[in-house]
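Participant: Residue numbers (my numbering), protein chains in the order written: chain P, 1 to 95; chain U, 96 to 190.
Treat the hints as calculated values from the structure; they're not laboratory data. One thing to keep in mind: the hints can contain errors.
Subject to a maximum C-alpha distance of 35 Å in a straight line, what follows is the list of computed DSBU-like cross-link-like pairs (lysine-lysine) [what the hints assert, rightly or not]:
#: 1; chain 1: U; residue 1: LYS138; chain 2: P; residue 2: LYS84
#: 2; chain 1: P; residue 1: LYS43; chain 2: U; residue 2: LYS179
#: 3; chain 1: P; residue 1: LYS43; chain 2: P; residue 2: LYS84
Which bits of chain U does chain P cover? Going by a derived footprint, with three or more residues having C-beta under 8 Å, they are [unchecked claim]:
#: 4; stretch: 139 to 147
#: 5; stretch: 155 to 162
#: 6; stretch: 166 to 176
Derived list of chain P stretches under chain U, where covered just means 3 residues or more per stretch with a C-beta under 8 Å from a C-beta of chain U [said to hold, decoys possible]:
#: 7; stretch: 3 to 14
#: 8; stretch: 54 to 60
#: 9; stretch: 85 to 91
Each residue gets a CB set at the ideal place from its N, CA and C atoms; glycine is no exception.
Number of protein chains: 2
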Amino acid sequence: MDLAELQILMEDTFGAQDRQRGLPASMAWLCEEVGEFARAVRKGTRADQLEELGDVLAWLASVANQIGVSMDEAAARYSAGCPKCGGRPCACPGV
Amino acid sequence: MDLAELQILMEDTFGAQDRQRGLPASMAWLCEEVGEFARAVRKGTRADQLEELGDVLAWLASVANQIGVSMDEAAARYSAGCPKCGGRPCACPGV
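Pulled out of the complex, with its shape left as it was, chain P reads as follows:
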């Protein structure tokens, strides 16, 4: 699935509810889902991890839609490799 496609999908599916709920509440939901993803990563099953990762992506898209920013354009900063050193692989010191 394309990032642009994901964003349109989220707009079609949840756009009206997103706007009714508003940005701060949507941001809170995103944070909640990131926490659930963290728990799934720490002690969940693969199925849990898949589900929570999907929820994080969905809520990230919802927030991106509400602020009118393109996920595709955001990811493009990485398209040639590390945005800092330009390397692919990254050649920055440290991890």
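Model the placement of chain U on the given structure of chain P, informed by the hints.
Facilitator: Coordinates of chain U only, in the frame set by chain P:
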């Protein structure tokens, strides 16, 4: 950009450093970037929002790579609309 493409890009660019840093530290970085995104949404410029959204996507991909889960497969749960009610738009009560 495709979600699968994003994941490969992150593996090529940061995979070695990701494995050296390890999962808990990478999860902490993801949370840090989500916080920066929240600040950008609250009071940042459009450029800030684009940058931080890109960073969240990058770190999400890094963690997904380390746990061996596909972002594309994760997003697919939403491909027909709301995973709960099946609607596009969602017909679930409440927001």
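Participant: Are the hints correct? Go through all of them and say.
Facilitator: Tested hints:
In summary, the hint linking LYS138 (chain U) to LYS84 (chain P) is supported, as the alpha carbons are separated by about 24 Å, within the 35 Å threshold. Of the pairs offered as hints, the one joining LYS43 (chain P) and LYS179 (chain U) holds, with about 24 Å between alpha carbons and a cut-off of 35 Å not exceeded. For a cut-off of 35 Å, the pair hint linking LYS43 (chain P) to LYS84 (chain P) stands: about 33 Å separates their Cα positions. For the stretch 139 to 147 of chain U, the proposed coverage by chain P is satisfied: 4 residues have a C-beta within less than 8 Å of a C-beta in that chain, meeting the threshold of three.
Against chain P, the stretch 155 to 162 of chain U contributes 4 residues with a C-beta closer than 8 Å to a partner C-beta. That satisfies the three-residue criterion, and the hint holds. With 10 residues having a Cβ less than 8 Å from any Cβ of chain P, the stretch 166 to 176 of chain U passes the three-residue criterion, so the hint holds. Counting residues of the stretch 3 to 14 of chain P whose CB lies closer than 8 Å to any CB of chain U gives 7, so the stated coverage by that chain holds, three being the minimum. Counting residues of the stretch 54 to 60 of chain P whose CB lies closer than 8 Å to any CB of chain U gives 5, so the stated coverage by that chain holds, three being the minimum.
Evaluation of the coverage hint for the stretch 85 to 91 of chain P: fulfilled, as 4 residues show C-beta separations to chain U shorter than 8 Å, against a requirement of three.
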